[in-house]
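K.L.:
The sequence shown begins at 1 in our numbering and counts up by one.
It cannot be assumed that every hint is accurate.
[To be verified] Here are the computed lysine to any residue pairs in the SDA-like style, where the Cα-Cα straight-line distance is at most 25 Å:
1. LYS246 <-> VAL279
2. LYS112 <-> ALA63
3. LYS200 <-> THR51
Just so you know, these hints were derived from the structure itself, not from any lab.
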Amino acid sequence: MSKIKPSKGAPYARILGVGGYRPVRVVPNSVILETIDSSDEWIRSRSGIETRHWANDEETVAAMSIEASGKAIADAGITAEQIGAVVVSTVSHFSQTPAVATEIADKLGTNKAAAFDISAGCAGFGYGLTLAKGMVVEGSAEYVLVIGVERLSDLTDLEDRATAFLFGDGAGAVVVGPSDEPHIGPTVWGSEGDKSNTIKQTVPWDEFHASDLSALPRNSKGEVKFPAITQEGQAVFRWAVFEMAKVAQQALDAAGITSAELDVFIPHQANERIIDSMVKTLKLPEHVTVARDVRTTGNTSAASIPLAMERLLATGEAKSGDTALVIGFGAGLVYAATVVTLP
1 MSKIKPSKGA PYARILGVGG YRPVRVVPNS VILETIDSSD EWIRSRSGIE
51 TRHWANDEET VAAMSIEASG KAIADAGITA EQIGAVVVST VSHFSQTPAV
101 ATEIADKLGT NKAAAFDISA GCAGFGYGLT LAKGMVVEGS AEYVLVIGVE
151 RLSDLTDLED RATAFLFGDG AGAVVVGPSD EPHIGPTVWG SEGDKSNTIK
201 QTVPWDEFHA SDLSALPRNS KGEVKFPAIT QEGQAVFRWA VFEMAKVAQQ
251 ALDAAGITSA ELDVFIPHQA NERIIDSMVK TLKLPEHVTV ARDVRTTGNT
301 SAASIPLAME RLLATGEAKS GDTALVIGFG AGLVYAATVV TLP
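Start from the sequences, fold in the hints, and give me the full structure.
P.N.:
Next up, the structure:
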C-alpha cells in the first residue's frame, strides 16, 4: 500500500481581521407599522429591535460581501492575493449555481482561491469559522475568508405580524490565518432536524414555480406573495433560551474557559429577550460585554455575529485580544458555538 504524504499546516489558527457592511437605508419600526397592526413599544419589548438596514438593488449579496471582505482583509494586514479559500454562509443568494463565493473571490482579486457557499442559517458563521480553522491547520489554505451575508428583506412577509419586524440585511467577514497559539477553541455544533418546521420558508421553490398563479396567496395589494421566512416564535424562543445556553456552556468547558475569564459574549442577534435570558442562564459576570447589535441591525442570520463583533471593536466596547464566546443558532435547527480571541 502506498503511503500518502501528510499535509503540513499551522499549529493553530486565529481570527486576524474583521469587517462589516450595513446597507445605506435605515428602516425604523414606523415603516414596519405601515403594514402590520402593532406598535413601536410592542416590537421593542418583544425583540429589542428599533431599526434595521434594508439593501437597495445595488447592494447585492456579492456587493455587500465584497465591501465587508475588503475591510476584513485590510484589518488582517494581508492582501487579497494571499487568500487561499473563500467560505460564504447565506440563505438569501437566489442563484442555485454557481456559488456566490466564486464571484466574490474573483472580484476581490484572489489568486484563484477555493470558493464555496454553505447553508446553515443563523449558525452559518460558526460553521464557516470551523471549516476555516480546519483548512489553516490542515494546510490547504494559509488564509481563509469567512463571510456571513444576508438580504433577508427579500424573504420577509411585511404583512406577517410575527416576523415583519425581525429581519435585516448586511454582511460580516473575518480572515482566519495561522497562529503559534490556540485562539479558536473547539466547536460545539449540531442539529435537531426534528424541529425543522419551526423556522422555514413558507413555500418551497419547486412548489412556487409549479403553482397556478391564480391559486397562490396574495398580499393586501393583490400581489402574489413571494416565498418568505416564517417561524414558530414561542417554540424557537424556548429552544434558544434553554438548549442553546447549555451549548454555550459546553463551548466554554471545551475551551477550558470559565465565565469569570470571559471578556465578551457575542450570541446570534436574533432577539434581545433571548440574549438577556442566555446571559442570565449562563450567569455571566457583570464585566462581560454583551453584543446587542440587534437593536439597530435586526436579525441578519449568518451575518449577525461578525457584524456584532465588528461593531464592538469599532466602538471600543471590546478590544483586540479579548476572549469572546460566540454562538449561532437557527433554522434547521442548527447551532455552533466556540470561544475565540478577538482580532
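K.L.:
Is LYS112 within 25 Å of ALA63, Cα to Cα?
P.N.:
19 Å, holds
K.L.:
Does LYS200 pair with THR51 here, judged by a C-alpha cut-off of 25 Å?
P.N.:
24 Å, holds
K.L.:
Do the alpha carbons of LYS246 and VAL279 lie within 25 Å of each other, as the hint requires?
P.N.:
12 Å, holds
Consistency with the previously given hints is maintained throughout, with no hint failing.
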